[in-house]
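First residue of the sequence shown: 1, per the UniProt record's numbering; consecutive thereafter.
Treat the hints loosely; a few may be bogus.
Here are the simulated lysine-lysine pairs, DSS-like style, with alpha carbons at most 25 Å apart [claimed, not checked]: (1) LYS149 to LYS116; (2) LYS149 to LYS111; (3) LYS111 to LYS71; (4) LYS116 to LYS126; (5) LYS40 to LYS66; (6) LYS135 to LYS71; (7) LYS149 to LYS135; (8) LYS138 to LYS116; (9) LYS172 to LYS149; (10) LYS171 to LYS149; (11) LYS66 to LYS33; (12) LYS111 to LYS138; (13) LYS108 to LYS40; (14) LYS116 to LYS135; (15) LYS40 to LYS111; (16) LYS111 to LYS135; (17) LYS108 to LYS149.
Label pairs and their computed distance ranges (CB to CB) [said to hold, decoys possible]: (18) ASP204 to LYS172: 44 to 50 Å; (19) ALA246 to ARG188: 53 to 59 Å; (20) ARG190 to GLU154: 49 to 55 Å.
It is worth saying that the hints were derived from the structure and are not from the lab. The beta-carbon is built from N, C-alpha and C at its ideal position, and this holds for glycine as well.
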Amino acid sequence: MAKAGGKGVNLKDKLDGNELDLSLSDLNEVPVKELAALPKATILDLSCNNLTSLPSDFCSLTHLVKLDLSKNQLQQLPSDFGRLVNLQHLDLLNNRLAMLPVSFAQLKNLKWLDLKDNPLDPSLAKVAGDCLDEKQCKQAAIRVLQHMKAIQSEQDRERQRRLQAEREMEKKREAEQRAREAQERELRRREKAEEKERRRREYDALRAARQEMETQTKKESSEIPKLSSVSHPSQLPRHRRSWFQALLKLLLLIFLCALSTVAVCRVTELQRQSLCISVNALYEDVVTALKSHKIVQNVLHQNSQQ
1 MAKAGGKGVN
11 LKDKLDGNEL
21 DLSLSDLNEV
31 PVKELAALPK
41 ATILDLSCNN
51 LTSLPSDFCS
61 LTHLVKLDLS
71 KNQLQQLPSD
81 FGRLVNLQHL
91 DLLNNRLAML
101 PVSFAQLKNL
111 KWLDLKDNPL
121 DPSLAKVAGD
131 CLDEKQCKQA
141 AIRVLQHMKA
151 IQSEQDRERQ
161 RRLQAEREME
171 KKREAEQRAR
181 EAQERELRRR
191 EKAEEKERRR
201 REYDALRAAR
211 QEMETQTKKE
221 SSEIPKLSSV
231 SHPSQLPRHR
241 RSWFQALLKL
251 LLLIFLCALS
261 TVAVCRVTEL
271 QRQSLCISVN
281 ALYEDVVTAL
291 KSHKIVQNVL
301 HQNSQQ
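Construct all of the structure, not just a fragment, from the sequences and the given hints.
What follows is the structure, encoded as structure tokens:
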């Protein structure tokens with residue numbers, strides 16, 4: 001007596017040469033461990049039980065040659081059922097099977113198969129046909145094996161197609177990633193070049209402004225003494241000449257400061273500020289006045305009166 005599923009298992013055995021024929025009844029579960037300990041039990045009868053499924057380790061009973069699972073409640077077989085590579089005779093009569101696992105195609109030694117009285121998928125039922133005699137059951141085994149091999153081949157091809165598509169997609173993603181990285185590098189290079197060019201333009205503009213101020217200062221400095229010499233300052237009293245020279249230096253210093261402020265407001269980004277707008281307007285007025293010599297004429301007029 002063996003135990004499985006909490007119920008008694010009637011194990012009837014009959015030695016046939018070197019093979020052991022086992023018949024188990026009153027089962028809710030298959031005692032796989034007990035059966036694995038009997039490698040000579042190549043014939044196993046599990047018919048007329050209440051089995052709704054087979055445990056996954058059932059497929060480790062690779063010594064089985066003949067297996068009777070008829071008149072149970074099996075809804076499916078384990079996915080690795082094909083591991084029972086020595087199986088030659090399989091009876092699945094009167095169960096609830098709709099499909100067989102793809103690994104069924106690996107049962108290359110299967111020579112007898114009965115799938116009657118199962119709610120089989122129409123395509124599988126058509127392939128299996130009837131199993132009313134020995135010849136039909138053998139033909140059923142051949143046809144079902146061919147059918148399952150075709151399904152396995154199609155699934156293998158589909159798997160290969162998916163793997164190929166995944167590899168191509170991965171290559172595409174890698175190429176896109178490389179393209180994005182190249183674009184980012186090019187963008188950073190352009191930004192650096194543009195920043196360098198902007199700084200160069202600012203530097204050139206500032207240097208040009210300084211040169212313009214220096215040229216304007218030299219020009220004004222050369223014009224003021226000439227205009228002052230008309231008034232014969234040497235004929236003026238010494239204290240008046242000193243005061244006049246100090247005044248000219250002060251005006252020149254103020255003028256240089258004003259030009260520096262104008263250069264900053266005209267060249268840099270501060271030119272949009274309200275203060276710089278006023279300074280730029282004043283600069284334009286001063287330049288216009290200097291060109292017409294109004295300021296110089298006023299100075300000369302005051303000196304002549306004195």
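Outcome of the hint check:
Restraint check for LYS149 and LYS116: the C-alpha separation of about 21 Å stays at or below 25 Å, so the hint holds. Note on LYS149 and LYS111: the hinted pairing holds, with a Cα-Cα distance of about 15 Å set against a maximum of 25 Å. With a C-alpha separation of about 21 Å, the suggested pairing of LYS111 with LYS71 holds against the 25 Å cut-off. Taking the CA atoms of LYS116 and LYS126, the gap is about 11 Å. The hint holds against a cut of 25 Å.
For the proposed pair LYS40 and LYS66, the alpha carbon gap of about 12 Å is at most 25 Å, so the pair holds. The hinted pair formed by LYS135 and LYS71 meets the criterion: a straight-line CA distance of about 22 Å does not exceed 25 Å. Pair hint LYS149 plus LYS135 holds up; C-alpha atoms about 21 Å apart against a cutoff of 25 Å. Our distance criterion of 25 Å between C-alpha atoms is met by LYS138 and LYS116, whose separation comes to about 13 Å.
Taking the CA atoms of LYS172 and LYS149, the gap is near 34 Å; set against the 25 Å cutoff, the hint is violated. The straight-line distance between the Cα atoms of LYS171 and LYS149 is roughly 32 Å, outside the 25 Å bound, and the hint therefore fails. With a C-alpha separation of about 18 Å, the suggested pair LYS66 and LYS33 falls inside the 25 Å cut-off, and the hint holds. Distance check on the hinted pair: LYS111 and LYS138 sit about 5 Å apart at the alpha-carbon level, within 25 Å; holds.
For a cut-off of 25 Å, the pair hint linking LYS108 to LYS40 stands: about 21 Å separates their Cα positions. For the proposed pair LYS116 and LYS135, the alpha carbon gap of about 15 Å is at most 25 Å, so the pair holds. Taking the CA atoms of LYS40 and LYS111, the gap is near 20 Å; set against the 25 Å cutoff, the hint holds. Distance restraint check for LYS111 and LYS135: the Cα-Cα separation of roughly 10 Å lies within the 25 Å cut-off, and the hinted pair is therefore satisfied.
Taken as a hint, the LYS108 and LYS149 pair is honoured in the structure, with Cα atoms around 10 Å apart against an allowance of 25 Å. At roughly 47 Å, the beta-carbon separation of ASP204 and LYS172 lies within the given 44 to 50 Å, and the hint holds. In this structure the hint that ALA246 and ARG188 lie 53 to 59 Å apart at CB holds, the actual value being about 58 Å. Judged by the Cβ atoms, the range 49 to 55 Å given for ARG190 and GLU154 holds: they are separated by roughly 53 Å.
Comparing the model with each numbered hint stated earlier shows that hints 9, 10 do not hold.
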